[in-house]
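Fit chain B to the given chain A structure using the hints.
Residue numbers (the numbering used here), protein chains in the order written: chain A, 1 to 269; chain B, 1 to 304.
Please note that a few of the clues may not be correct.
[Said to hold, decoys possible] Per the computed footprint, the stretches of chain B lying under chain A, defined by three or more beta-carbons under 8 angstroms from a beta-carbon of chain A, are:
hint, region
1, 23 to 31
2, 55 to 68
3, 263 to 277
Keep in mind the hints are simulated off the structure, nothing from the lab.
Ideal placement from N, C-alpha and C gives every residue a C-beta, glycine not left out.
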Amino acid sequence: MRRAHAFLVAWALVVTLPLLWAVVSSLKTDREILTSPWTLPATPHFDNWSRAWNQAQIGRYFGNSALVVGGALLLTMALGATTAYALARYPFRGNRLIYFVFVAGLLFPVFLALVPLFFVVKQLGLLGTYPGLILVYTAYALPFTIFFLHAFFRTLPTALAEAAFLDGCSHWGVFFRVMLPLARPGLVTVAIFNFLGLWNQYLLPLVLNPDPDRYVLAQGLAALSVSQGYRSDWSGLFAGLTIAMLPVLAAYVIFQRQIRSGLTAGAVR
Amino acid sequence: MTPTRHGRHRFLAGAILPALALYAVFVLSPYAQAFYLSLTDWTGVSGQVNFVGLDNFTRLAHDPLFLAALRNNGVMLVVVPAVTIGLGLLLAVLVMFGGRRGSAIRGATSYQTAYFFPQLLSLPIIALLWQFVYHPNDGLLNGLLRGVGLDSLARTWLGDPHLALWAVMAVLIWSSVGFYMVLFAAAMGSIPTELIEAATLDGAGRLVTLWRIVLPLLRDTVQVAFVYLGVLALDGFAVVQVMTVGPGGPDNATEVIGLGLYRNAFTFSRFGYAAAMGVALFFLTLTLAVIAMRAGRKERVELA
Numbered sequence: 001m002r003r004a005h006a007f008l009v010a011w012a013l014v015v016t017l018p019l020l021w022a023v024v025s026s027l028k029t030d031r032e033i034l035t036s037p038w039t040l041p042a043t044p045h046f047d048n049w050s051r052a053w054n055q056a057q058i059g060r061y062f063g064n065s066a067l068v069v070g071g072a073l074l075l076t077m078a079l080g081a082t083t084a085y086a087l088a089r090y091p092f093r094g095n096r097l098i099y100f101v102f103v104a105g106l107l108f109p110v111f112l113a114l115v116p117l118f119f120v121v122k123q124l125g126l127l128g129t130y131p132g133l134i135l136v137y138t139a140y141a142l143p144f145t146i147f148f149l150h151a152f153f154r155t156l157p158t159a160l161a162e163a164a165f166l167d168g169c170s171h172w173g174v175f176f177r178v179m180l181p182l183a184r185p186g187l188v189t190v191a192i193f194n195f196l197g198l199w200n201q202y203l204l205p206l207v208l209n210p211d212p213d214r215y216v217l218a219q220g221l222a223a224l225s226v227s228q229g230y231r232s233d234w235s236g237l238f239a240g241l242t243i244a245m246l247p248v249l250a251a252y253v254i255f256q257r258q259i260r261s262g263l264t265a266g267a268v269r
Numbered sequence: 001m002t003p004t005r006h007g008r009h010r011f012l013a014g015a016i017l018p019a020l021a022l023y024a025v026f027v028l029s030p031y032a033q034a035f036y037l038s039l040t041d042w043t044g045v046s047g048q049v050n051f052v053g054l055d056n057f058t059r060l061a062h063d064p065l066f067l068a069a070l071r072n073n074g075v076m077l078v079v080v081p082a083v084t085i086g087l088g089l090l091l092a093v094l095v096m097f098g099g100r101r102g103s104a105i106r107g108a109t110s111y112q113t114a115y116f117f118p119q120l121l122s123l124p125i126i127a128l129l130w131q132f133v134y135h136p137n138d139g140l141l142n143g144l145l146r147g148v149g150l151d152s153l154a155r156t157w158l159g160d161p162h163l164a165l166w167a168v169m170a171v172l173i174w175s176s177v178g179f180y181m182v183l184f185a186a187a188m189g190s191i192p193t194e195l196i197e198a199a200t201l202d203g204a205g206r207l208v209t210l211w212r213i214v215l216p217l218l219r220d221t222v223q224v225a226f227v228y229l230g231v232l233a234l235d236g237f238a239v240v241q242v243m244t245v246g247p248g249g250p251d252n253a254t255e256v257i258g259l260g261l262y263r264n265a266f267t268f269s270r271f272g273y274a275a276a277m278g279v280a281l282f283f284l285t286l287t288l289a290v291i292a293m294r295a296g297r298k299e300r301v302e303l304a
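Bound conformation, chain A alone (with noise of 0.2 angstroms):
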């Protein structure tokens, strides 16, 4: 039992201790991560947050980061909540075919889909355009919006949505009153998997996202740390990485049961 104890302490600090190392970095002068790797910070520098939040662009980045993917979130819901709700809940012919035409995105590597993606993107004149990022964005995201989803409302009890069909309403009544407000707890969890995989972006900006200015902040930070300027300001980059990481670990602290319990169901459906 000790052992077995001994063991998960030992990956436990193999995770944290690169996480716990960037964020005291962060808050350290660039002498005191070279000459004492091992020491807390004499004083917390959070200058190099500012500095990195407004010289090194990591507020630009960031707020390029949160404009697309809430775009995309809100976009990427509205359409996977009716398209997987209208499938879920009405037969009619072609409805499996379209199901399937769907979840079947989940099954290509997006290295296939990239260089036509490309020049589709640029011929409509998207190319380093926000408007293009949050449509391709979404695009991508729905086959596992529509995939979970649909498994969602397929759930929901019929005998609700009768009765307000026979009170009158209408279908879109029923959608917005009766199986939206009932779907919540799948929402939330599907909105949540879509802000973490949609904010950890990087091979879709990099490609159809050129313009230095609206860079999201992956694309950024790399693209940082390979530019001279910035290669040897080692606080900097430590506080655009924990920077980085704080939206995603607070997310992560507030819905943790959702996000391992969801993701793990999705992963063994």
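Structure of chain B alone, referenced to chain A:
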């Protein structure tokens, strides 16, 4: 199901068509075009598209960079899933059965909470962090080794062609073990306790119970894990692109298919050739999924 037919078609059209249109433009059409483009010599200049048949694929078979990528992705395909699943299973067993009389260990939830977090970070962020960890002079890893007197083990992790790929794989494993541990722990938690108690009553020791009862019941979950991790191992793009010298170096030691595709398309404008790499990657992924599903179908354990 609906008592009213009034407005049904209009509702369905309004609910499905916007999503379907967006999906068709940005997902379906690129996937479909990729197969055609892979048979052309397109360099991005419109009007200059020649159909070249399977030429791109013949070239791929003789492209030393692509072959290096194929080899590296191959190594990753073997190592990353095996180590991740092994470690994940071990940690899950310790957490779920490591306590008194084979019950869950104390602090099980805290362990799972900590382990899971890296899975949520984006790979370029993780790669950036590990670039610092691996730094030859001031990095965490060499610092730790020197700190405990193992100076001779300190290395230039990402600069040594024999070590770089392993350093990259370690990062992928580090970031995913927690997720699979939680996944396996959840699957173990759903095994009926009577089954385990019955085995114990029959005199089966801990290891035998584990090997004969628990692991066979986890077969489906492990299979899913293998497919997911295989897809991760066939990618590797973000970590390699951010972390390694070149990127893809030293000496192409960390070259991966995704990197070659990205470089050919967006640096050299060889779009037809890059599309062919995408198609090759697609068939590799498909093969992997089919093999994994076949392998899982053989001995099914019935839980009834």
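Structure-based check of all given hints:
no.: 1; hint: 23 to 31; verdict: holds (count 8)
no.: 2; hint: 55 to 68; verdict: violated (count 0)
no.: 3; hint: 263 to 277; verdict: holds (count 6)
Of the numbered hints given earlier, the model fails hint 2 alone.
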